[in-house]
Structure formats: C-alpha cells, structure tokens
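Position chain B relative to chain A; hints supplied.
There are 2 protein chains.
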Amino acid sequence: MTVTAPKGFRAAGVAAGLKSSGKPDVALVVNDGPSDVAAAVFTTNRCKANPVLWSEQVMADRRAKAVVLNSGGANCYTGPTGFQTTHASAELVAQRLGTGAGDVVVCSTGLIGEQLDRAALSTGIESAVEALSEDGGPAAADAIMTTDTRSKQAVREGTGYTIGGIAKGAGMLAPALATMLVVVTTDAVVDAETADRALRAATGATFDRLDSDGCMSTNDTVLLMCSGASGTTPEAEEFTSLLTEVCHDLAQQLLRDAEGSEHDIAIDVINAATEDDALTVGRAIARSNLFKTAVFGKDPNWGRILAAVGTTDATFDPAALDVAFNGVWICRGGEPGESRDAVDLSNREVTVTVDLKAGEQSATIWTNDLTHAYVHENSAYST
Amino acid sequence: MTVTAPKGFRAAGVAAGLKSSGKPDVALVVNDGPSDVAAAVFTTNRCKANPVLWSEQVMADRRAKAVVLNSGGANCYTGPTGFQTTHASAELVAQRLGTGAGDVVVCSTGLIGEQLDRAALSTGIESAVEALSEDGGPAAADAIMTTDTRSKQAVREGTGYTIGGIAKGAGMLAPALATMLVVVTTDAVVDAETADRALRAATGATFDRLDSDGCMSTNDTVLLMCSGASGTTPEAEEFTSLLTEVCHDLAQQLLRDAEGSEHDIAIDVINAATEDDALTVGRAIARSNLFKTAVFGKDPNWGRILAAVGTTDATFDPAALDVAFNGVWICRGGEPGESRDAVDLSNREVTVTVDLKAGEQSATIWTNDLTHAYVHENSAYST
Numbered sequence: 000m001t002v003t004a005p006k007g008f009r010a011a012g013v014a015a016g017l018k019s020s021g022k023p024d025v026a027l028v029v030n031d032g033p034s035d036v037a038a039a040v041f042t043t044n045r046c047k048a049n050p051v052l053w054s055e056q057v058m059a060d061r062r063a064k065a066v067v068l069n070s071g072g073a074n075c076y077t078g079p080t081g082f083q084t085t086h087a088s089a090e091l092v093a094q095r096l097g098t099g100a101g102d103v104v105v106c107s108t109g110l111i112g113e114q115l116d117r118a119a120l121s122t123g124i125e126s127a128v129e130a131l132s133e134d135g136g137p138a139a140a141d142a143i144m145t146t147d148t149r150s151k152q153a154v155r156e157g158t159g160y161t162i163g164g165i166a167k168g169a170g171m172l173a174p175a176l177a178t179m180l181v182v183v184t185t186d187a188v189v190d191a192e193t194a195d196r197a198l199r200a201a202t203g204a205t206f207d208r209l210d211s212d213g214c215m216s217t218n219d220t221v222l223l224m225c226s227g228a229s230g231t232t233p234e235a236e237e238f239t240s241l242l243t244e245v246c247h248d249l250a251q252q253l254l255r256d257a258e259g260s261e262h263d264i265a266i267d268v269i270n271a272a273t274e275d276d277a278l279t280v281g282r283a284i285a286r287s288n289l290f291k292t293a294v295f296g297k298d299p300n301w302g303r304i305l306a307a308v309g310t311t312d313a314t315f316d317p318a319a320l321d322v323a324f325n326g327v328w329i330c331r332g333g334e335p336g337e338s339r340d341a342v343d344l345s346n347r348e349v350t351v352t353v354d355l356k357a358g359e360q361s362a363t364i365w366t367n368d369l370t371h372a373y374v375h376e377n378s379a380y381s382t
Numbered sequence: 000m001t002v003t004a005p006k007g008f009r010a011a012g013v014a015a016g017l018k019s020s021g022k023p024d025v026a027l028v029v030n031d032g033p034s035d036v037a038a039a040v041f042t043t044n045r046c047k048a049n050p051v052l053w054s055e056q057v058m059a060d061r062r063a064k065a066v067v068l069n070s071g072g073a074n075c076y077t078g079p080t081g082f083q084t085t086h087a088s089a090e091l092v093a094q095r096l097g098t099g100a101g102d103v104v105v106c107s108t109g110l111i112g113e114q115l116d117r118a119a120l121s122t123g124i125e126s127a128v129e130a131l132s133e134d135g136g137p138a139a140a141d142a143i144m145t146t147d148t149r150s151k152q153a154v155r156e157g158t159g160y161t162i163g164g165i166a167k168g169a170g171m172l173a174p175a176l177a178t179m180l181v182v183v184t185t186d187a188v189v190d191a192e193t194a195d196r197a198l199r200a201a202t203g204a205t206f207d208r209l210d211s212d213g214c215m216s217t218n219d220t221v222l223l224m225c226s227g228a229s230g231t232t233p234e235a236e237e238f239t240s241l242l243t244e245v246c247h248d249l250a251q252q253l254l255r256d257a258e259g260s261e262h263d264i265a266i267d268v269i270n271a272a273t274e275d276d277a278l279t280v281g282r283a284i285a286r287s288n289l290f291k292t293a294v295f296g297k298d299p300n301w302g303r304i305l306a307a308v309g310t311t312d313a314t315f316d317p318a319a320l321d322v323a324f325n326g327v328w329i330c331r332g333g334e335p336g337e338s339r340d341a342v343d344l345s346n347r348e349v350t351v352t353v354d355l356k357a358g359e360q361s362a363t364i365w366t367n368d369l370t371h372a373y374v375h376e377n378s379a380y381s382t
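So the protein lines, in turn, are chains A and B. Quick note on numbering that gives the first Met the number 0: the first sequence kicks off at 0 and runs consecutively. Quick note on numbering that gives the first Met the number 0: the second sequence kicks off at 0 and runs consecutively.
Zero decoy hints are in this set.
It does not matter which identical chain is used: a pair holds within one copy or between any two.
20 angstroms max Cα-Cα, derived SDA-like pairs, lysine to any residue:
#: 1; residue 1: K297; residue 2: A372
#: 2; residue 1: K356; residue 2: R45
#: 3; residue 1: K6; residue 2: V128
#: 4; residue 1: K297; residue 2: H371
#: 5; residue 1: K297; residue 2: D340
#: 6; residue 1: K297; residue 2: E113
#: 7; residue 1: K297; residue 2: L110
#: 8; residue 1: K356; residue 2: G78
#: 9; residue 1: K356; residue 2: W328
#: 10; residue 1: K297; residue 2: S345
#: 11; residue 1: K297; residue 2: A379
If you are wondering where the hints come from, they were derived from the structure by calculation, not from laboratory data. Values in this document were obtained by computation on a predicted structure and should not be read as measured data.
Just chain A, same shape as in the assembly (with noise of 0.2 angstroms):
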C-alpha cells in the first residue's frame, strides 16, 4: 500500500503520453489531513530542475497537501517556459483539490534538457485526481518509474501510526542524494521542526550514502508528508528511527536496481578517527572506476582500493591499512595478506572492508560495480 498504507492520503498513477512507451507516467499524493505538515530534501546541485526551483519554494513554510510527479521528462534546462509548465501543474493540481498552489510540490525525472508537453501533463493530471484512492500507492509507485526495472516500496508500522513510502532511481545516484524521487507518508502527529529534523537524520544515514556513480542529478526531492490522521504522537527519536528504516529499504532496493550493475558493494570503513574520515574514505573508493570494474571482472583488487583511499586527507598510517573483501583480510598492514583465492566474488553482495586502525568511528557507503551494462546503458540513452 506505500504512500497509502498510513491514515488520511489517497494516490494514483495514470499514464498521460509522456512516455513513448505509454506506461503510467504521472503520480498524485494527496494529504486529506488533519495535518498538513511536511519536510523535504533536494538535490544540492547548483544547476537545478524547474520542479526543484518551485517545490523549495513551496517548502519554506514546512507545510504540502500535495505533490504531483510525472515521469518522462525531468523538465530540467529547460528555462521560463518549463517553470511557468510546472507552475502550471501546480495551480491544476491545487484548482482541482480545492487548495493553493503553494501547497502543491511538484517533481519531474526522464530526459533533460527538453519541454515537457505541458497539454498532455494537464490530461494526465485531471486522470490523477479521478483515479485518486486510498488504495493508489502502488499505481503511484510505477508511475514515477525511469529506467528502474521495478517499483520501489516500503513501510513500516510504528506503535499506533504508519509510516510508507515510494521511491524512482536507477542511475545518477550520488550525493548528496542520489537521483531520485522518495516520497514519505506517516498518520503520526509530528510538528514541521520533528518532520524536518528526522528526514534530515534520515536521509543523512541512508540515500546519502548511496554512491552509485558518482553523478550528482538535477532532479533529487525526498519529502516527507504527516497527515497526523493516527492521533498518535510518537517520540521524535522513536520516528526518526522508524523513518530512517524506510528510508533504508528504499536507498537498498535503488542499489540493487542500479543500470547495468551486477554487484552490491558495501563499503565498511571500520577505525576510523571521525565518522567523515570513513566517509571520505568510503566515498573515494566508490568512485574508483578501477575499483569498481575490478569487482565486475570478480577480482578483489585490493591495491586500488588503498591507491583510492590514498588520495584523502583523512587521518591513516599508509603502512598500516587491512582490506578485506567478504570477511577474508587478503591486505595487511598495506602488504598482501591472505590469499586472494580464498574471495569469491561470484554472488551480488560484497562486502569490502578498510581499516583505517585510526580511531573508534566507521560508516558504511554502497556502491555498484562499473558493467558493460552501465557503458551500455548511458551511451544509448538519449538517442
């Protein structure tokens, strides 16, 4: 049921004509209340999408009894014209429901660079709002779908509320955020500075520290909204926790579907001084196309993972770095240590692990490998 599993919002998903394919392509989530609390994220690229402009405007008083997200088309470098469709979207969205514009988030994904056909989102639209039920979580979810292989859902029950979500993103997955498109509901009662606090947390732990290609998009929203419909209030570090596990589910489900990728990498950076040394560390690793073409041809090259961890300033005797890969230390003390025959790479989840033997901090990042599939892929997307 993802987005409509709590209490107090309806959903849907239709196909509008975006997509060639004539797949659903324009999601709706309603929040029938009480609350109309909400937090988001965005992308923190600087050259951002028409739906990233507006929504954060629509954002800055915490609040949202909507969003609408179309798939098809990021409506991305695409000027005055693409910001006055997505505006459009928005006073359609608001008109039909009865609210103001201003309540009204909008996100886009597919292509960049090109307009959106604003005529066919307006049918689209109008279809969303009948089609709007309480059991339109899922159609939502395969309405915001790109290159994803599959929908991504999720929820969680808390002690007298719901939290769910859905979530879109294949590839560009990279912090901060990957690119995507996550939206969170929850019945629970939570005030905007709770809801804001506990995405932040939340996000902090797990999209972003999803680094997939290292290609930052133009597009990310996560947002969470609180119809507070349960009557329950939970203890923020109880819902930040609960939240948090949503999140998780969502941001694992995106790395198993990454374009093209054949393994699951986690990288553990154990002993490290501060938690952003393991981050930094965990980071420059995920983004070795060396290192990540290694683990597609099965190969535990553990001497590039040290050349990536060699070009950070965080805090490391280079004489005394371990690498395991799946548990089997074949680096010790920046030599070889046990053999590599004892790897095997042949299952889609790999654990590598550094030790950076410099403190008590550690922190994980997940990556993919770099596949023929990916080169594949992203060379023939746009034409």
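This is chain B only, laid out in the frame that chain A set:
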C-alpha cells in the same frame, strides 16, 4: 632518439623476464654530465609505491646521475621487502656506474601488491648497463610500456640545446599527474632552482590537466635530468616554454593511447572568474561517467555537462551557461540552443566548450570517453 637526443646521455632497454610476455621491461637512462642537476614531481597519493618513497629521498639534493625503470611490477604495497628491492636496484646501478645509490632514481610500473623478482631485476640491470648507448632512447621507451599500445617519445630543439622525453601510461590517468612514468633529458645548462620551477610549471599545464579515468596512481614520477653538455644556458622562460612543449606532446600521446578509449575530449572552460574555477569545472565534467559514456555513444548530451558543472563551487549563473560540442552551441543560457543534429561526434577528437560568463580566465582539461573496452580491460587486468 628521445632521451638520448640531448648530448651527455646514454640509455638502454632490455628484457629481464619481469613481464610474462618476455618483452623489454628494464630501462636505464644515464646522465654523463658534466652537470647532474635534476628535478622531479611525484604522485600526491599518500599510499605511495616503494620506488617513489626511495626516489623522493634521492631527489632531496636535486641531483641525479641515473634512473632505472622497470615495467612488469609496480613494487607498490609490498612493504619493507619491496623497499629493499628498490634500494638494491639503486645500489647495483650505482656500483656499475661508479657513483652512489643516492644519485639513482628508481621507477616501477605494473601490477601492485606483488613482490618484484629481485634476481631477475638484478640480471636485467646488469644487461642494461652493458647495453647503454647514445642511441638507446627508443629502447628505453619500449621497456617501460605496460598496457600502452605504442611507446611515447618527444624531442624539441632549442637554440643551442635539446630536450627529449619518454613516457608510459594508459590508465589511472588523473591529476595530480597521470599514472605514468616520464623521463625528460636536456643538455642545456640549467641550475637546480630553474629546473625545478620549469618542471613544475610544465607538468602543471600538461600532465596535471589530463584526467583520463579519475584514478590517481601510486607510482607517478616525472623526472628531468640536465647534463649541461651543450654548454648553452637558455633563459628560464624560453627553457620552460620548450619543456612545456615536450610535456604537452607526451601528454597528448598518453591521451590518445588511454585504455579502451574511442574519443579524446578537450574540455575548454572559458570566461571563468579564475583559472582555478575553469580547472575545477573542467575536472568535474571529466569525472562524470554519464558524460563520458554519452560521448562514447556519440551523444552530445549537454544536460549531463550542466549537471556536472552544478556540483562545483565555481562562480557562474546556472541560467547563463552556454555549452558547445565541436563549436556548435547546443545549450544557450541553460536551455536548448542550436540543434543537436548539427553535432558530429564520429571523429576521435571532440571539443566541449563551456562558457561560464563569469570572467576572463580559461583552461583546458583533457579526458577520454568511458567505453566497453575500458570496462573490459580493467575488469580483466589482474586475473
């Protein structure tokens, strides 16, 4: 004639069995003087190979009488045993040449994490000393190749003096320094301070602006040796300019031979507020896998360029950016400009121009596309 084109140098390249192919793998370049002034630039990777750790010490006095180079093994992450191998190589060369080990630079390239065969290397060094010749430059260039498909050589004539160079490198090409070994010789009379300044200026404008795959090596070394045998003392500015020409020539040869590449891409960033801004933006684009796969697919995907530009802190207005492929301005003011159909990416050479409209500085970064062959070569390299 490469490194033996200038007077006062002898060189050799021999097969010592370090490469399983049986191809030449040990090179020696000797400066017979009268001067032994030298300058060097090393990788900034903190996880350095043993020969780099050794050679940094050798170069502390800015003097060197010889450099011994081997392919077939990087002697990196091989611990004290590996360092002893490097030391023993320098001692052996010094003994045969009648000098001290502290005058012998050592460079290694090849697989990391494996010990070099010290006995084979020693035998190779003995053979190389025997083979030293005033025509030995090309043989030395051949002996340092790894995945290079051709050797890299350059010579330029100054007024009364000559500069010659050899290089190897085909992957792990990124600042600071591409993964590469470069030896440049000159018979000009140059003092240590001038040699150091000239080499830093030349590498900063050439090798440092080459970013083939974003991966920084552990073994990079650029060595300049000055014999003074011509008796000519050039002006520092003229010498720096000619040295930069030699380095540029070698850097372009590296670019054209980058592993699996099908396109050489010059990223010209113009009208930047500062040269640093121009370099930062160029490097961000050069590291975007999505951009690089698009070029492989002959797709002038300017949206992926703006997405990369947007990750930087350079001065620009996102709504003012112009982007051209091969001179066709397909993005104007952050929106679609001239038709994409006017862009032909079928040639190997591609020029991307990004106009930041923020000042008067400019810089060029060179990179390659990301191809199936790159993935293939780097997923199979060590297995």
